[in-house]
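Asks: Sequence:
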Amino acid sequence: MSSKIKEIQIPIANEMAEFEIKFRQFMKSKVYLLDKIMGYIVKRKGKQMRPMFVFLSAGVHGQINEATYRGAALIELLHTATLVHDDVVDDANYRRGFFSINALWKNKIAILVGDYLLSRGLLLSIDNEDFDLLKIVSEAVREMSEGELLQIEKARKLNITEDIYYDIIKQKTASLIASCCAVGSRSVMKDDDVSEKMKLFGEKVGMAFQIKDDLFDYGTHEIGKPLGIDIKEKKMTLPLIHALNNADSSEQKHIIKLIKNKSDKSSTVKTVVAFVREKNGIAYAEEVMHNYFDEAMTILKDFPQSEYRQSLMDLVKYTIERKK
1 MSSKIKEIQI PIANEMAEFE IKFRQFMKSK VYLLDKIMGY IVKRKGKQMR PMFVFLSAGV
61 HGQINEATYR GAALIELLHT ATLVHDDVVD DANYRRGFFS INALWKNKIA ILVGDYLLSR
121 GLLLSIDNED FDLLKIVSEA VREMSEGELL QIEKARKLNI TEDIYYDIIK QKTASLIASC
181 CAVGSRSVMK DDDVSEKMKL FGEKVGMAFQ IKDDLFDYGT HEIGKPLGID IKEKKMTLPL
241 IHALNNADSS EQKHIIKLIK NKSDKSSTVK TVVAFVREKN GIAYAEEVMH NYFDEAMTIL
301 KDFPQSEYRQ SLMDLVKYTI ERKK
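Residue numbers (the numbering used here): 1 to 324.
Hint data in this document are derived by calculation from the structure and do not stem from the laboratory. Take the hints with a grain of salt, since some may be wrong.
[To be verified] Label-pair distances were calculated between CB atoms; the ranges are:
| hint | residue 1 | residue 2 | range |
| --- | --- | --- | --- |
| 1 | Lys30 | His290 | 47 to 53 Å |
| 2 | Leu123 | Gln63 | 23 to 29 Å |
| 3 | Leu123 | Glu278 | 49 to 55 Å |
Beta carbons are placed, not taken as given, at the ideal position from N, Cα and C, and that holds for glycine.
Let the hints inform the model, and build the full structure from the sequences given.
Replies: As structure tokens, this is what we get:
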């Protein structure tokens with residue numbers, strides 16, 4: 001974990017340590033194979049930004065409690081279930097530098113593990129009557145599925161407009177971060193207006209977060225070397241969409257033809273990256289990202305100053321300054 005993340009976590013350090021123990025308990029199974037796989041999933045956790053958003057959002061509005069822990073666990077369980085299933089759909093062998101569940105235990109077991117995680121999350125909420133938290137997270141999972149399908153539908157024709165792109169990332173990425181912030185506040189305060197405001201805050205953060213991710217593909221000295229993964233997978237992201245919008249019809253046809261027919265070639269990636277830079281696609285995407293960042297900060301500043309609010313601001317800042 002980076003020193004920056006540890007610094008941001010200071011107000012919730014004890015809660016994050018406690019959450020790790022509780023989350024492992026929530027995933028426990030009497031079936032040896034399942035318990036072994038659950039242990040593997042816990043070990044390969046990332047930066048844990050989702051629980052951080054939950055706990056910091058809760059801290060901004062009240063006293064962190066057991067419902068907060070359950071809300072954070074619910075999000076992690078349901079989101080992990082979707083990732084396990086995604087790896088099967090994408091036939092992916094790695095996630096965060098680790099072997100995926102389907103790579104180690106094959107597709108059938110991976111699907112069943114995803115189902116188990118989903119049921120554990122649902123039961124955790126139902127058993128404790130956290131119906132309001134379950135509704136928030138279930139809506140996010142629905143939106144994530146719809147966003148994924150919308151992207152698949154549009155990717156076939158490579159006809160994604162800027163507005164459709166925003167719809168896709170709002171559903172695929174922003175909805176989850178929005179649910180983290182809404183769940184955090186809802187776990188300590190039953191106020192619909194506050195929950196909606198925190199949801200909107202998380203949505204703005206999620207939009208900025210995904211645009212930052214999309215920028216990695218085109219690499220600058222500030223961001224990192226060009227990877228071209230999105231280009232190879234024929235994903236239309238904001239830098240490319242803007243570049244195409246500012247090109248003449250012959251350039252558009254040439255670039256789209258390259259992506260459609262030769263996206264797996266390194267020469268295509270280089271050509272597309274050069275085209276996007278020439279048409280100011282990177283600068284435009286960075287500008288939009290910072291606009292979402294500013295909107296998120298404006299919402300957060302409406303709430304009283306506290307160490308939790310400051311860390312939440314720092315976490316948002318981290319999402320657009322991170323190097324990976």
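Asks: Now tell me, hint by hint, if it's right for this structure.
Replies: Results for each hint:
1. Lys30 - His290: 47 to 53 Å: 50 Å, holds
2. Leu123 - Gln63: 23 to 29 Å: 26 Å, holds
3. Leu123 - Glu278: 49 to 55 Å: 54 Å, holds
Figure legend: structure checked against the earlier numbered hints; every hint is met.
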